[in-house]
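Undergrad: Residue numbers (the numbering used here), protein chains in the order written: chain A, 1068 to 1363; chain B, 2 to 321; chain C, 1480 to 2045.
Be a bit skeptical, because a hint or two may be false.
[Unchecked claim] When the alpha-carbon atoms are kept at most 27 Å apart in a straight line, the in silico DSSO-like pairs for lysine-lysine are as follows:
hint, chain 1, residue 1, chain 2, residue 2
1, A, Lys1290, C, Lys1919
2, C, Lys1919, B, Lys65
3, A, Lys1288, C, Lys1979
4, B, Lys65, C, Lys1609
5, C, Lys1811, A, Lys1288
6, A, Lys1288, C, Lys1850
7, C, Lys1673, B, Lys284
8, C, Lys1925, A, Lys1288
9, C, Lys1942, C, Lys1657
10, C, Lys1902, A, Lys1137
11, C, Lys1918, A, Lys1288
12, C, Lys1850, C, Lys1892
13, C, Lys1979, B, Lys65
14, C, Lys1675, B, Lys65
15, B, Lys163, C, Lys1609
16, C, Lys1588, B, Lys163
17, C, Lys1588, A, Lys1290
18, C, Lys1763, A, Lys1288
19, C, Lys1902, C, Lys1763
20, B, Lys65, C, Lys1673
21, C, Lys1850, C, Lys1788
22, C, Lys1892, A, Lys1137
23, A, Lys1288, C, Lys1902
24, A, Lys1137, C, Lys1788
25, B, Lys163, C, Lys1593
No wet-lab data here; the hints were simulated from the structure.
Note that the coordinates shown come from a computational prediction; the quantities given were computed from them, not determined experimentally.
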Amino acid sequence: MFDRYDTLTDRLLVFFCYLGILILVIAMFYPFWDQFVMSISTRQAALVGGFRLWTWPINLDGYRVVLRSKELGTAAMNTLFRVVVGTGFSVVITSLTAYPLSRRDLPLKRVLTGVFVFTMFFSGGLIPTYMWVRGLGLINNPLVLILPGLAAYYLVIVRNFYSGMPQELQEAAQIDGANDFTLWWKVVMPLSKPILATIALWTAVNHWNAYLDALIYMTDKNKYVLQILLRRVLLDTDLLNMGMQPGQEMGSIISRPTEETVKAALLIVTTVPILLVYPFAQRYFIQGLLQGSVKG
Amino acid sequence: MSSVALRVGRVAVPGAGRRSFWQRVVAARVLLLMLVPGLLLILIFNYGPMYGLLMAFQDFQVTKGIWGSPWVGLKHFQEFFSNPSAVNALRNTLLISFLKLAFGFPAPILLAILFNELRNGIFKRASQTISYMPHFVSWIVFAALITAMLSPSTGVINQFLKFLGIRPIYFMADPGWFRVVLIASEIWKEIGWGAIIYLAALSGVDPTLHEAAVVDGATRIQRILYINIPSLLPIAALMLILRMGGILNAGFDQVFNMYNVQVYQTADIIDTYVYRTGLADLKYSFAAAVGFFKSAVGLVMVVVVNEIARRMSDRYYALW
Amino acid sequence: MNPTKLSRRRFLIAAGSGAGVLLAACAQPAPAPTAVPAAPKAAAPTKAPEPTKAPEATKAPAPTAAPAATKAPEPTKAPPPAPRVKINYGIFVMSAQDPAANPDSAILKAIQDKFNFDLNFIWIERFQAKDIYATRFAAGDIPDVFHYEQPGTPLIEQGIVAEVPYATYKKNMPKYFKNLNDYSIMAWLGANYKGKNYGLPLMGPNNLIPFTEGWRLDSLEKVGMTKPPETLVEMEDAMTKAVAQKLHQYGVITRAKDAPQMMFANVFGAYGVFPLHWMERADKSGVDYGIVMDGAKDALTTLQTWYKKNLIHPEFITSGWQQCVNTWCQGKTMVTDVATWYRLYKGGELFDCVVDAGGKIAMAYAPKGPKGDFGYHGWGYANPPVRFGKQLATDAAKMAKIMEFWDFAGTDKDFAYYIRYGKEGTDSERDAYGVPQIKKETDRAKLGTSIGILTPSNIEVWKTFQRKDYEDITKYAKAGTTNQKYVRDLGVFMNPDVTKIGPELQLLQSKWEVDFITGAKGMDKWGDFVKEYMEKGGQAMKDEANRAYKAMTGDLDAIKKAIESA
């Protein structure tokens, strides 16, 4: 916990850091644990409410409802596809585009940067994008979920990161006879692991959570993503009760609002995969300095 | 590599002297080629649909399409602002956004700094993972949780107040407190996730800097102030500027799931207002106008803040 | 290196204009909005639209193919069947339990074979239907027929849906048409706009009579009552006693968070008004809006008293449906507020949670007020109508085909059962109450049950799917005096330019209501409320409502005449 050279104030600071983070962790974990316990509760236990450390007997009906959809397997595959391919694509294209924009010797740098940054603020909107995509014949094509993977927001962050890299790298590579592309691929990319890991994490989570684009662009239900199915369960009849047409029932359906246990199970199912992924990205944050780069 | 690198002069090139534009283009041809895929993507997916912005100035009719619909200029904007509830929503949006900025922006930075002082190990990794768990809880669930926590009868917070001898407060139904709840709950939800980028930045700090500082006798606090914080400034400045772009997005999911009749006065933001009144239902032009307005204000804010950053940091922290 | 003479500025201009040309060339309007290839039109003249044609006959090749069949020496080459009508049908994926039917599902095949047409179901997630449809409509992708839950006026104004003359209904679906008119002429109102019809109404008897009072019978017994209270006074008394004996924390809770306009409708009903409806004056001279009438003032006075006596759960302000259910199930309240009757019977969540925990439930009529008024409001006669895409206005063949299907499905008990529940015995069976339940083992997507759920059905057919004791259990919901006094669907006849102030007024109303109930504003401020409400648009609404009311008889007559002369 303490380093040998820590002063008294240092030790106090570290102590409070640990204490603070401990309190934070408890506060962050509490809603999660609460929902987890809810997801394995029986209906009666769930209704009692209040905070419980554990519940008995364990009832997995919530998970059964969430996971019983036969379309789940296909949807999970689709989500996996977009998370893996989409993230990989986004990271590569973002880095590829950010590097030239970070170089001082790029002609028309301000214009080109502006072209990208402008898209951060103005977009045609969902409907023109849909019409455009439709005109391109990309409706129902999974690529449409992946190709718009260049976000100006991430681009700027990565670009700034690259701007902060020392110019000596460039000199060294040019002396070795490498062109800019090789320089980027062989030197810059490996050095930017922390920032790329961050972008990868953000992008992966976005892909994991995305549902609206799949809903709008996919007409074939076999191309649906996981979140759509999960959202269907979550919003099942919540809609009925949110006063849109107050409680109006369609046809002869009298539906039950989604049980709390089911909603909780849904949350767990949606979140646990991400929690499993983060430790891999975390490696790059904790590692710190990479060996062998040019020292100032 | 360190993120506090200083600007180095231009790389020397043989055959020095002013080069013409085309010479520079040829010299940088690989770089420019590298930009082509990104440019293509942006052109296709972002600029292609941009003609949709025009819908904001029309009366878009499905049957006539964009090129056939009549032009109405600023009519939708005028319509929107002539409504006092809309103006109120705008006021609330700005206020809530700025408050969230003032408190919610520094919070993840502080957390990252705190995390950095922990020794690497299980506790650090586990607590990092746990800290961003709330980010994944949707507001539908999170709002219900908060409501339960703040319940005057059964909520933990009020139990605690009772223990202190204070009368229970109905936070969620009080217009003043509700804003506090909005800000605090968003911080709770996002602080862990927001800290990730700063952690990444801090991980890039050259450890030899710290080693040298320790040798010079610096305390942790001094090291935080003189090494960590300066390393974070560039990314923080960038994040701040970028955040200004979304200044009129005060958090629809959050507000929608948490607000109630008693707090509409202070909690109704542009997005909830438009949603609730159904003003934008199948009124494509009106919806486009609202979107356009939000984007335009965001752009202005970014330009302004970027200018300030340029002046204050001698161009270093600016976006362009 | 060859320095060329082009300057940087010229380069930029060239690039810019090149990009501009490229963009302009690409940024064309969406392809002409025809949602369906035009091929089937060729079939129109050859296929006479005769809805009474027996199913078997349609299986044979259509008349145009007949000459080909006489070309004897080609046993392997069957004559090509005439192109069938293909209908794009926008339908909801209702819930996680009712997944979209497979394209080769049994029920779909049965329908297609029976009526000899191709049905292409476009499955739309109900929870996102509004956005998905908005996007598709804008691009010109309008299904031939589709379900749509939001108000239809924007659809009509944008020209997305087709007008359907009553004559078309009468010709193509005569049985259903007759049944609908026998049920109620008012059912047409939901699809009506400026005197014309823009959709097929779906009969929804449950919507008229949804609500019932639900009491904890076990608690009533403990405070000395053997059956639920009948008047407001008794109700207050029962709750007071229960709270005093700590049987429950409070008397009642309501959904002020997500449905504030429905708060305490039973209490208002006891004073002869409904807070969100137009109440008809006794002499039929006009209408008044419920919340600004004296009855409402009395109701709020009572509610304020109740709140002071701790009979109303103070957290009703932040309670939506789920919280209200939780509170009820946890036993914190003694009586439900605006509960629907089907949730108060076995299988409904309000019933099961209490009874499973050992409690007892009693249904009751709405409480009676001092003048003997009581009752609940309903939502109207019909479910949101099925809409016809604008292209169907000129495509009689498609119109005829889909109506032929609906006419049969909506009036034939066996077929209606099949398309909803599959085969009785193998795919589904009736439970103890006579309600059909699809068996758990049945693969709904493969069978295609979600197709039938939204299909129109007449009352006779509909009744076959209800509980055996339907009449008995809905008697509480049906009874009342106040529910005879309000004008349903008046909004349909009102000018949308005036009614668009509605949501704002609603907000004002809800805020004042909550303030009165909690006592934040004393009842002496009632006059201020009425004044503010009328000034901020209430008066305009009232004038328009009265105009519409007077015109309504005329408008309704016009509809009746149009239907009769169809």
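Undergrad: If you draw a straight line from the CA of Lys1288 (chain A) to the CA of Lys1850 (chain C), is it 27 Å or shorter?
TA: Violated: Lys1288 (chain A) and Lys1850 (chain C) sit about 57 Å apart, past 27 Å.
Undergrad: Starting from Lys1288 (chain A), check that the Cα of Lys1979 (chain C) is at most 27 Å away, please.
TA: violated, 37 Å
Undergrad: CA of Lys1288 (chain A) to CA of Lys1902 (chain C), is that 27 Å or under?
TA: holds, 26 Å
Undergrad: Would you mind confirming whether the straight-line C-alpha gap from Lys1588 (chain C) to Lys1290 (chain A) stays at or under 27 Å?
TA: Roughly 23 Å between the alpha carbons, so the hint for Lys1588 (chain C) and Lys1290 (chain A) holds.
Undergrad: Does the alpha-carbon distance linking Lys163 (chain B) and Lys1593 (chain C) stay inside the 27 Å limit?
TA: Distance of about 70 Å is beyond 27 Å: violated.
Undergrad: Checking one constraint from the list: CA of Lys1588 (chain C) to CA of Lys163 (chain B), max 27 Å. Satisfied?
TA: Given that 27 Å is the threshold and the Cα spacing comes to 66 Å, the pair is violated.
Undergrad: With the threshold set at 27 Å, check whether the alpha-carbon distance from Lys1892 (chain C) to Lys1137 (chain A) stays at or below it.
TA: Answer violated: Lys1892 (chain C) to Lys1137 (chain A) is near 30 Å, above 27 Å.
Undergrad: Taken at face value, is the distance from the CA of Lys1673 (chain C) to the CA of Lys65 (chain B) at most 27 Å?
TA: Holds, at roughly 22 Å.
Undergrad: Hint check: Lys1675 (chain C) vs Lys65 (chain B), CA-CA at most 27 Å. Holds or violated?
TA: Answer holds: Lys1675 (chain C) to Lys65 (chain B) is near 22 Å, not above 27 Å.
Undergrad: Sort out whether Lys65 (chain B) lies within 27 Å of Lys1919 (chain C), counting only the CA atoms.
TA: Distance of about 49 Å is beyond 27 Å: violated.
Undergrad: Would the pair Lys1979 (chain C) and Lys65 (chain B) pass a check requiring their Cα atoms to be no farther apart than 27 Å?
TA: holds, 25 Å
Undergrad: Taking 27 Å as the top limit, are the C-alpha atoms of Lys1925 (chain C) and Lys1288 (chain A) close enough?
TA: holds, 14 Å
Figure legend: structure checked against the earlier numbered hints; hints not met, in rising order: 2, 3, 5, 6, 12, 15, 16, 18, 19, 22, 24 and 25.
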